[in-house]
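So the sequence lines, in the order shown, correspond to chains A and B. Under my numbering, think of the first position of the first sequence as 1, with each following residue one higher. Under my numbering, think of the first position of the second sequence as 158, with each following residue one higher.
Hints are computed from structural coordinates only; laboratory data are not their basis. One or more of the hints may lead you astray.
[As the list claims (entries may be wrong)] Lysine-lysine pairs mimicking DSBU-like chemistry, simulated, CA-CA at most 35 Å apart:
id, chain 1, residue 1, chain 2, residue 2
1, A, K142, A, K101
2, B, K164, A, K32
3, A, K117, A, K55
4, B, K416, B, K168
5, A, K117, A, K145
6, A, K58, B, K343
7, B, K164, A, K34
8, B, K343, A, K51
9, A, K55, A, K101
10, A, K51, B, K164
11, A, K58, B, K168
12, A, K58, B, K416
13, A, K55, B, K343
14, A, K58, B, K164
15, A, K34, B, K251
[As the list claims (entries may be wrong)] Label pairs and their in silico Cβ distance ranges:
id, chain 1, residue 1, chain 2, residue 2, range
16, B, W411, A, D25, 25 to 35 Å
17, A, W13, B, I393, 34 to 44 Å
18, B, F407, A, Q40, 46 to 56 Å
19, B, W411, A, S113, 39 to 49 Å
Ideal placement from N, C-alpha and C gives every residue a C-beta, glycine not left out.
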Amino acid sequence: MSYLPERTYLNDWMSVQNIIDFFGDFYADFSKAKAYDMLQRLHINPNRRIKTLSKGTKEKVQLILVMSREAQLYILDEPIGGVDPAARDYILDTIISNYSKDATLLISTHLISDIEKILDGVIFINMGNIVLTASVDKIREKENKSVDEFFREVFRC
Amino acid sequence: MLGRMMKYEIKATQRTFLPIYGLIIIFALLIRLFTQFNFQHMNGAFSFLMGITIFIYVILIAAALIMTIVATSRRFTTNLLGDEGYLSFTLPVKIHSHIDCKMLVSLMWAVLSVIVTLLSVFVLSVDTNFINKNNPFFAEFGADYSRCGNMAHLITFEIIVLVLISILCVILQIYASATVGNLCGKHRRLVSFGTFIGLGIAQMIVYSFAISYRKNFLLPTDEQVMLSSIAANIGIAIAVTAAFCVAFYFLTYWLLSRKLNLE
């Protein structure tokens, strides 16, 4: 299982390269080549100290670390919460193109409109209780709405 | 896995300690240089410079010892009980390994701080007369030590064990206190500090009971009997301290495995 928490959990004293070595040391399924490739595509210098990175860049680094593992289950908690809108599509492409094809990807988010194009199924949770479990196709067919529009309707204040 | 964890733990903490150790040795050498060449007799400026150097040296010694305690607490709190805990506790390692790793590295820095301090004192005090084999201090000490025979070896060994286990006990007391404090949402630091004081008082009470139950606590006049009594008392102190180490370790382990709340 590869888990991305909502919080920034990186050790500030490390450089990006250090944290990649760290993951390589602890996770047998971690691919350093994949991580460096993603860093390059997202224009992140591996020699930079984590302390000097912006919140959004730290989140990108965390996502890269998590997606560079060959896991069976990926749990991503608000993976694009701190990333600017322009970079979100790129991050989503990164997620989609890097997870193992036989793996399950579980994403917890409030940014539904940004993320719904990659979803197969959704679970709506309110106050810790499951309100709805459905496939994205069924919601679109039955309700004739996007997941985001349907969510706004279900949780209207 | 423990080896890998210790590698990163040392990397994370060495930036705090190594510069202080280096500065302690440099300032000890500077003071030694001043005294060697009697600079203080040359003029007021050199006297002032030497005074400043001694002052900084003393501050550095204090900093090394304080930093050992502060770094022990801070590293445990940030790496396991703060946001970094999300990474630490999702690594494929057991909770025992987290505690063992931090405990052993903190013990290593504490011992190194003591060694560097002693080394700097040696640099300050050593001269050709001091290290001379005919120095009466060494001669007298050697004679006394030989006369005590195996008992001297036993007491020396016991003192080393007691020092190490006492350092370990303080480290584990800090871990247990920080973990208890973590259970309280708003006043974590206050509760941690209160727990540390409370555990310290509990230790003092147990030590007092252990010593008061010793029948021959008052030192007898016969030298061998007296040495045996000292060895036995140190042995009891080691046993009591070890018991506290085990208690603090398992309290920390139980809280981290069952009650951890990273929020």
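Okay, the hints, checked on the actual structure:
1. A distance of roughly 29 Å separates the Cα atoms of A/K142 and A/K101; the hinted pair therefore holds under the 35 Å criterion.
2. Distance hint between B/K164 and A/K32 is fulfilled; the C-alpha atoms sit about 19 Å from each other, no more than 35 Å.
3. About 25 Å separates the Cα atoms of A/K117 and A/K55, which keeps this hinted pair within 35 Å; it holds.
4. With a C-alpha separation of about 29 Å, the suggested pair B/K416 and B/K168 falls inside the 35 Å cut-off, and the hint holds.
5. A threshold of 35 Å between alpha carbons decides the hint, and for A/K117 with A/K145 the separation of about 13 Å falls inside it, so the pair holds.
6. Taking the CA atoms of A/K58 and B/K343, the gap is near 27 Å; set against the 35 Å cutoff, the hint holds.
7. At most 35 Å may separate the alpha-carbon atoms for a hinted pair to count; B/K164 and A/K34 meet this at roughly 24 Å.
8. Restraint check for B/K343 and A/K51: satisfied, since their Cα atoms lie roughly 26 Å apart, inside the 35 Å limit.
9. A threshold of 35 Å between alpha carbons decides the hint, and for A/K55 with A/K101 the separation of about 29 Å falls inside it, so the pair holds.
10. As the CA atoms of A/K51 and B/K164 are separated by approximately 20 Å, the hinted pair is consistent with the 35 Å bound.
11. For the suggested pair A/K58 and B/K168, the alpha carbons sit about 21 Å apart, so the restraint of at most 35 Å is met.
12. Straight-line distance between C-alpha atoms of A/K58 and B/K416 comes to about 29 Å, which keeps the hinted pair within the 35 Å bound.
13. About 25 Å separates the Cα atoms of A/K55 and B/K343, which keeps this hinted pair within 35 Å; it holds.
14. Among the hinted pairs, A/K58 with B/K164 is consistent with the structure: their alpha-carbon atoms are about 23 Å apart, no more than 35 Å.
15. Straight-line distance between C-alpha atoms of A/K34 and B/K251 comes to about 27 Å, which keeps the hinted pair within the 35 Å bound.
16. Remark: the range hint 25 to 35 Å for B/W411 to A/D25 is upheld by a beta-carbon distance near 28 Å.
17. At roughly 42 Å, the beta-carbon separation of A/W13 and B/I393 lies within the given 34 to 44 Å, and the hint holds.
18. Distance hint check: the CB atoms of B/F407 and A/Q40 are about 47 Å apart, consistent with the given range 46 to 56 Å.
19. Taken as a hint, the range 39 to 49 Å holds for the pair B/W411 and A/S113, whose Cβ atoms sit roughly 45 Å apart.
Going through the hint list in order, the structure satisfies each hint without exception.
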